[in-house]
Structures are given as structure tokens and as C-alpha cells.
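Participant: The residues making up each chain are set out below.
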Amino acid sequence: MTTDETDLKSLMLASLDGHAASHRALLGQLSGRLRAYYRGKLARIGRGAADAEDLVQEAILAIHLKRHTYDPAEPLTPWVHAIARYKLIDFLRRTRTSPADVPIDEADTIAAHDDNSDVESSFDVRRLMEQLPKNMRYSIEAVKLEGLSIAEAAKRCGISESGVKMSIHRGLKTLAAMIARESQA
Amino acid sequence: MKTDELVTLLGTNLEPVDRRSIARTLYVALAAGSIVALGLSLIGLGVRSDLTTARAFIFLVIKLAFAFGIVGLALVYLTKLARPGGERKTRSLLVTMPFLVIVALAGISLALSPSSHWEKMIVGDQWLECLISIPIIAIVPFTISMWVVRRAAPTDLARAGAFAGLAAGGMSAMAYALHCTDDSLPFIAVWYGGTIVLCILAGAILGPRLLRW
Numbered sequence: 455m456t457t458d459e460t461d462l463k464s465l466m467l468a469s470l471d472g473h474a475a476s477h478r479a480l481l482g483q484l485s486g487r488l489r490a491y492y493r494g495k496l497a498r499i500g501r502g503a504a505d506a507e508d509l510v511q512e513a514i515l516a517i518h519l520k521r522h523t524y525d526p527a528e529p530l531t532p533w534v535h536a537i538a539r540y541k542l543i544d545f546l547r548r549t550r551t552s553p554a555d556v557p558i559d560e561a562d563t564i565a566a567h568d569d570n571s572d573v574e575s576s577f578d579v580r581r582l583m584e585q586l587p588k589n590m591r592y593s594i595e596a597v598k599l600e601g602l603s604i605a606e607a608a609k610r611c612g613i614s615e616s617g618v619k620m621s622i623h624r625g626l627k628t629l630a631a632m633i634a635r636e637s638q639a
Numbered sequence: 590m591k592t593d594e595l596v597t598l599l600g601t602n603l604e605p606v607d608r609r610s611i612a613r614t615l616y617v618a619l620a621a622g623s624i625v626a627l628g629l630s631l632i633g634l635g636v637r638s639d640l641t642t643a644r645a646f647i648f649l650v651i652k653l654a655f656a657f658g659i660v661g662l663a664l665v666y667l668t669k670l671a672r673p674g675g676e677r678k679t680r681s682l683l684v685t686m687p688f689l690v691i692v693a694l695a696g697i698s699l700a701l702s703p704s705s706h707w708e709k710m711i712v713g714d715q716w717l718e719c720l721i722s723i724p725i726i727a728i729v730p731f732t733i734s735m736w737v738v739r740r741a742a743p744t745d746l747a748r749a750g751a752f753a754g755l756a757a758g759g760m761s762a763m764a765y766a767l768h769c770t771d772d773s774l775p776f777i778a779v780w781y782g783g784t785i786v787l788c789i790l791a792g793a794i795l796g797p798r799l800l801r802w
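Residue numbers (my numbering), protein chains in the order written: chain A, 455 to 639; chain B, 590 to 802.
Next up, chain B with everything else stripped away, as it sits in the complex:
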């Protein structure tokens, strides 16, 4: 076939295109992923029972702020990285901000506490549950994010995958926070931060395989 024939074929009866479709699909995907993650966390783990205390409430807010910050940043980056050449002008440094903030706060909190408390603050009671739950809850949001990004046209697949992983990790952390009773900043930095980094790595590794279009 000649290329001219293909051009004629594609140009016949052309439909107008919705220019905002990428952003909108991503919003819908993140909303759907969050709902699934919340559902899984509420049904599988249940909400923490001590939310009436001020301390528990404040830590829930901190955890949610961390997770929201991550999901928000991931959304901003994904709207760029899902497009061909979107990686060209995108600097990924800003995305380290939530992590740097939480690590700095964790450091301050440790510095203000006697070192005999450090182990308890870092390891908490339920570190294993956190380590397992966040990646598992992230699976469905991750699948949705990857599917949506692939339907666009990313050209830096590892990076687009990493940010889809970041978004999924953030949604999952948001859901797990409702259940988690480990209230210390070092715990959030290590176990929330760490599991989200695992999600980023999974996305970066799987991106080149799963995001090809």
C-alpha cells in the first residue's frame, strides 16, 4: 500500500478529538483506584477504633496529607509523561519533596526523643502488616493506572511506569492509613515511604513491558 492511500483513508470522515481526554481519564482512574483501595482497606482491615482521641486523629491527618501529596504529584507528572515526548521537559526532582519532608520530620521527632524510644518509634507494632498491606492494596490501583497510561502514548516507559507505581502506592497508603495505629513520624517515613518506593520500583521495572503501545 502506498502511504498516500493510508493518509486518505485516515483523513476520511474524521471525528473531532476531545483535547482534555488524557487529564480526565487520569482523574477517573485515580478516583476509581482510590475507591477500590479504600474498599479493600475498610473491608479487609477495618478502620482504627481509637479515632476519637486527638493524637490518633492528628496522625491520621499527617498520613493522609503525605499520601495525598504523593497522589497529587503523581497525577501532575502522569498527565505529562503519558504523552509522547512528555519526559522531555519534565524534571522529576519535585517528586522527592513529600519524602524529604517526612524524613526531615522523622529526624526531628527522633532528635527530640530519648534514644531508648527510637526502636519503638521506628519499628512500631505493625510494621510487617504495613509492609505487606500497602503493596497488596496497591495492586488494583496500579493496574488501573498502568492501563490508563498505556492507552495514552508514553515514550519513556520506565519513568511513566515509575510514576504510575507512585500514584498506586500513594492511593494504597491513603487507604491503609485509615487502619494503621502506629502513630510516629519515623514509622511513617520508613514503612509508608519505603513501601511506596517499592511501588515506584515495581512500576519502573514493569513499565517497559506493560506500557508498550
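So that you can see chain A by itself, here it is in the shape it has in the complex:
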């Protein structure tokens, strides 16, 4: 736990400085933990691995989009846990699941600490992205999917560099909202 905290926190500090590899490593490690957390929680209310995976991705997006709210003076684990818990409560409210709906016999079909990531979430990010406004979609595609620099993307999309950054941020937020809506079913 303490070593985890130290490792994860140093990855977080590096990713706040813009170190992409650390950011990917951090999100990768956190997604494993989040998966175990959500599968454990959702198993108790009879929801499956796909729902858990939706939540993992919602939480990962939230961690990414809200990373400016992490206070480096504080430990990282409680911050992540607060986000994970907030997204879980939000999910339960959206889906109007009450603990009474939980069929007990399904509870043991999911191993609580199963950590594999073979399950895909129920949404397709490329399909969702088609619903985004043009600038948001082009900016995310150029910078996040094709790996162009902000300056190159700005030239290609015909908007300013700060416009590209803004479009990416807004676009990811909109995507997160779409994922939340999609996983209501």
C-alpha cells in the first residue's frame, strides 16, 4: 500500500508536468485497480463486467480531466478513491439500482479481484466521437489518435493552438458525458 502510494504518486507528479509515458503508466495501473474495485462493488448488485468496464473508463476519463484538482501535498490514493466512489454513486443513481434489486445468486460469478482487461466497454469511442462538433472531433483525432503536435493540428484544423487545446479538453468532457449517458441502459 505505501509503496503503491509512493510509486503512483511519483507517476502522478510526473504526469502533471506533462510526462506522457508516466501518465499512461499511471492510468494503466489505476485502471487495473479500478476494475477490481468496480467489479467487486457491481457484483454485489448483480451487474456485469461490461458495466464495470464502463465505470473504469468513466473514472479514467475523470482522473485525466480533473488531474488539476490533485493537491501534490496530499497522498494520491484517497484522491483516486474519492473519484472512483463518486462515479460509482453517480452510476447507481443514474441506473436507479437499489440494493434490493440484487439477485444474490449472481454475486459469486465474478471474481472480485479479477484484473484482466479483455472485457470491452459497451460503447465505441469512434462512434461517439462522430457526434462531437467538428473542431472537437478533428482536434482529438489529430492530437490524441494520430499523435500530431498541437501546432500541426492547429494548422490542419485551421484554428489557433489554444483553440485546439480547448477543443480537446471540451471534446473529452463531452465524450465522458456521452459515456455516462450510454451506460444508463
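Please keep in mind that the hints were generated in silico from the structure rather than gathered at the bench.
Heads up, some of the hints might be wrong.
25 Å max Cα-Cα, derived DMTMM-like pairs, lysine to aspartate or glutamate [as the list claims (entries may be wrong)]:
no.	chain 1	residue 1	chain 2	residue 2
1	B	K591	A	E584
2	A	K520	B	E718
3	B	K591	A	E595
4	B	K669	B	D607
5	A	K588	A	D544
6	B	K591	A	E615
7	A	K609	A	D544
8	A	K619	B	D607
9	B	K669	A	D458
10	B	K669	A	D544
Keep in mind it's a predicted model, so treat the numbers as computed, not measured.
We have chain A already, so just place chain B on it with the hints.
Facilitator: Okay, now just chain B, sitting in the frame of chain A:
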């Protein structure tokens, strides 16, 4: 989509993050809210005309100190409560301090006065104006505070909302103090304190609806 793909997407071309952005946005929000509140109070109500007298000046200072204390405390709490898990180590008791102080001072002031003066000291001349003005002036600062807190990531929405309400009430009281001619400590305790508590309640009730992210 696999989560790994999402992680790769988010990790591509990562931008560095400004670590002080929360505190700075809150400062800007409170400054903007205060300016709007002051403007509304100055244009809508006007500054009290008797500020040259020592008594009026002293009471203005007392009212402003009360309001500043509240805004300052609200700012300290909001910088914590706007963050995920910020409610975890935050004890809200300190925030009752300005209220306890003003109530204690009001009590002393009443004890030192003959009871025939009490009604006048508590009710004042313009209690209704105070009761209406502070919440109305607080609307814009409240909206700004809530918007800024929501852009961060509060996880205890009722509490974050309550403190946004506290900040707004404090900014509004600060602005209204420039106009208010009711100079007694019991008046400040009841009508300033009371309307700010109303703002806290409004924030606590609206927080869970307005602050979701």
C-alpha cells in the same frame, strides 16, 4: 473500446497542468463576485451618507470585518472541498467562529443596555431591507462560486454547495454593509448572520443538483 486504448488516447501529447489553478480560479471568482456585489449595492442602494461620524465608521468596520472573516474562511474551505476527497480531512467547526463571535458580542451589548432598548437594537430600522438585500445581492456571487467549484471536482456536493453559499453570503454582506445604517451588534448578529445562514442552506440544498460533474 478497450480501456487500454482509452489510456493510450489520453496519454498522447499530454499537456502539463497548472497545479495552482484551483486556488487561483477561486481567488478570481471571489474577486469578481465581490465586485459585482459592490456594484449592485452602490448603484442600487448607495453608500450610507453619515460615514463622517465616528460611530457610523466603527460599525462599518465591524460589519466589514465580520464579512471578510466569513469570505476568508469560505475561501480556505472551498480550496479543499472543491477537490475530490477534500471533505475527508476537513472539519467545518472553525467556520462557526465569526458567527459565535458576533453572537457573543451581541449578547454582551444587550446585557449592557436597558431592556427597553432591546427591541430597537435587534430589529433596527431596516431589517426587512437587510433580509431582502443580502440574499438578492448574493445571487451573482453565488452563481460564480458554484460555477467555479463545479469546474473543479467536489465529491461532497452538499457541503461544497454550503460553503459556496457561505462565500456568496459573505460577499453580499460586505457590499450591503456600505449602505446599511443599522448600527448595533444584535442587528448584525440576527440579520447579517441570519441571511448568511440562509445562503448556506440554499447552497447545501442546491449543491447536489448544481455541482454534479
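Participant: Work down the list of hints and note, for each, if the structure agrees.
Facilitator: Comparing the hints with the structure gives:
{"no.": "1", "hint": "B:K591 - A:E584", "verdict": "holds (18 Å)"}
{"no.": "2", "hint": "A:K520 - B:E718", "verdict": "violated (42 Å)"}
{"no.": "3", "hint": "B:K591 - A:E595", "verdict": "holds (17 Å)"}
{"no.": "4", "hint": "B:K669 - B:D607", "verdict": "holds (17 Å)"}
{"no.": "5", "hint": "A:K588 - A:D544", "verdict": "violated (29 Å)"}
{"no.": "6", "hint": "B:K591 - A:E615", "verdict": "violated (29 Å)"}
{"no.": "7", "hint": "A:K609 - A:D544", "verdict": "violated (39 Å)"}
{"no.": "8", "hint": "A:K619 - B:D607", "verdict": "holds (14 Å)"}
{"no.": "9", "hint": "B:K669 - A:D458", "verdict": "holds (24 Å)"}
{"no.": "10", "hint": "B:K669 - A:D544", "verdict": "holds (21 Å)"}
The structure is inconsistent with the numbered hints 2, 5, 6, 7, although it conforms to all the rest.
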